[in-house]
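Novice: Note that the protein sequences, when read in sequence, are chains G and R. Each step along the first sequence adds one to the number in my numbering, with nothing skipped, and position 270 is 270. Each step along the second sequence adds one to the number in my numbering, with nothing skipped, and position 265 is 265.
Calculated directly from the structure, the hints in this document are not laboratory data. Just so we're clear, the structure is a prediction, and the values are computed from it rather than from any experiment. No residue lacks a Cβ here, since even glycine has one placed at the ideal position from N, Cα and C. Careful: at least some of the hints might be erroneous.
[What the hints assert, rightly or not] Facing chain R, from chain G, some residues (calculated, C-beta under 8 Å): (1) ILE82; (2) ILE89; (3) TYR90; (4) PHE101; (5) LEU105.
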Amino acid sequence: MNRTILEIDSIRKRYGATHALNGVTLSVESGELFGLLGPNGAGKTTLLSIIAGLLNADTGSVLLDGQPFRAQNRELRRLIGIGTQDLAIYPDLTARENILFFGDLYGLNRQVLSTRADELLTAVGLQDRANHRAGTFSGGMKRRLNLAVAVVHSPRLLLLDEPTTGVDPQSRQLIFTIVKSLNSSGMTVVYTSHYMEEVQALCTRIAIVDRGSVIACDTLPELLRLRPSRLKIKLESPNERFEKRLGALDGVQSVTAVPEGLIVESDAIGPILPRLAEACLEENVTPRAIELNESTLERVFLHLTGHALRD
Amino acid sequence: MRAIVTLAVKDTRLILRDPRAAVILLLMPILLVLVIGVTVGGAFDPNKKEQLRISVVNLDAGLPPDAGDFPDRAWSQFLLDDFAGTADIKVELIATREDAQNLVRSGERAVVIILEPEFSALIHRCSFVGEPLKKNPINPLYRDGMRTQTVGVTVLRDPTQEVAAAVVEQVVQVALMRVVIPWMIGQAFEMIGTPAFMDKMKKYVAGIELLPPSLLKSIGDAMQKGISGFFVDYDFQGKTWAKLTKSEPPPVKDSNRTAYQSDGTGTIRRGAVRYQTLVPGYTVTFAFFLVLVMGWLFASERRHGTLVRLQIAPIARWQLLLGKLLPCLGVSLVQGFALLGVGYLLFGLPLGARPEWLIPVVACTSLAAVGLAMMVASVAKTEQQVSVYGTLLVILLAGMSGSLMPRYLMPEEMRAITRITPHAWSLDAYAQLLTNPDPQIGIVTTACLALLGFSAVFLSIAWWRLSVSN
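Please model the complete structure; the sequences and the hints are all you need to start from.
Specialist: This is the structure in structure tokens:
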């Protein structure tokens, strides 16, 4: 088995004058829970569609388990499962019939399939609604069934495109649990979302995509290091000497004079606090406000792109 | 193979769970056949065509024993031959007076002519001359034509259809005069020169009684010849209209003379001829409504996103198409046989002399319908597009083909154009099998081959369209 299950090299895709993907290069290791984070229209769905063989790239290549992926290669297609952004289930079939139908298409043994359907229905919390038509389900239930259908054939690579769109918090939590469980069972997951909290909570490695390009790709701690947490303290400014003293403290990024006093900013939250406290005590200065801007992917994204993730 | 079966089973299940399919493919054609059959179904009687129908009950007992050498058959046959020999007139023979009375009473016939048992005997007595030259003579003529009752003709009229009745009565009057007047002239002309005639002449020509009988006969003969020579264009002894006018007798068209067929029974006119046109017509029309069912299946795969799943599943495109085509073909076959079955059981549609040939006709029609449906499904992207454009196409083809209204009502040029539709070929085959007592299997086979050709063309276009769109 190849260690790298998915290698994407210099993928470009245009829709008319719009460049959907501008030379995307990525690799996903087997067993990873890989996140694709980016705003709507960043090119995430286009990238997943190319990986799944639903779209042809203009240039570039996709290697799946070390082999060039062609949509015609049915054996390689078996390796992939997809949870599409839009639901992809039959509303007039029951939950169980949906799972059995797609399992049948992948040629699963009927007995194995029946057991698998029961397992999946239980896993996604639909065992009590197994024989109800999917069209009668709530949005969250449909999403969960959509996920069950995507993994009925136990794919090695699961592509999830915004799997929590329009679901209630309870279903969202259940989907997270299922995704984590699938990943821990060895399934590689590529998880796209424009919700940075989801990606941050789930993914071990994340690619940040914007305007058709991967602008950063690393583990979560490394990405967060691009824009660490920042402490902002507002103080009185008794004299110019105090302002200089603060500016000279190790770990202080900036000291800015404002009409009400000073604003001190620092990324070294742990070490700077006792030093600041000591200086304030000596000058008898009381902090007026303390603000902590935690390091998040949102801030990293803003830092890297100059615009907010939800723009 | 398993993938195809899986897809086919799934689509069959979806079709069965969609009430629209059953309503459009089965319920609508049955209801339409029923409603049109009951309301204006008579217009769909292929025997009607554009001919004037003269309904006759012939009770004529024939010529009297002393009728002589002429005529050689009953006078009623002369009259019926005259009708049948007239272009665009169709004679319909009704068996009994009671049947005729019922038909007129119910308004199904505007007028029925009854030739009474003494018809031939009375016609035979018609004469320009009176006693003693003619025994018991009858003068049937009067200012407006013939006194029909005087010659044993009873006219039953529907008082609500006076105009239609008047037209038929005028036709009957003319035909009767063409039969009776040459007979009356011939008899009169033959009398010229006979002793009885010459005897009458004594009253008007002084001294004639002095002439010997042989001379009188010669004079009589000469008078006959003289008159004949004067009126060279006529043969006054002909006794038939053709001979009197020295023209060719009209060909007797047996096809213009048919026995009355009861136009069905009960409220829905079960067994009426109209159903031989309506049932196949609507069976063919609604076979092509499969376009909607199949189009919806494809469009809903797109709408529900499941087409994406099918595209990434390890199945080939041909398997996917075959998996979708088979259930639709199955539905179409069930529809075709079910509608014919309903036609047979509910509407009393006779299945003809070669019912086994209905199987390939239904099958080939279904294949053509599936082909067209697949073609539309490959083009239309949404269910709205399928509904709007699919319905338009199906109605247009049905209207052009003659499956909505009988082709014999269409202008000649339009009948030729119908051949560009698969419907027309299917209707040809059904017409042979359901209407023709001696079905021409060659025509049926040709129609089936044409339908298969349509199917192949449609499916090729669908395959090409799906390749391009992918």
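Novice: Which hints, by number, does the structure contradict?
Specialist: none
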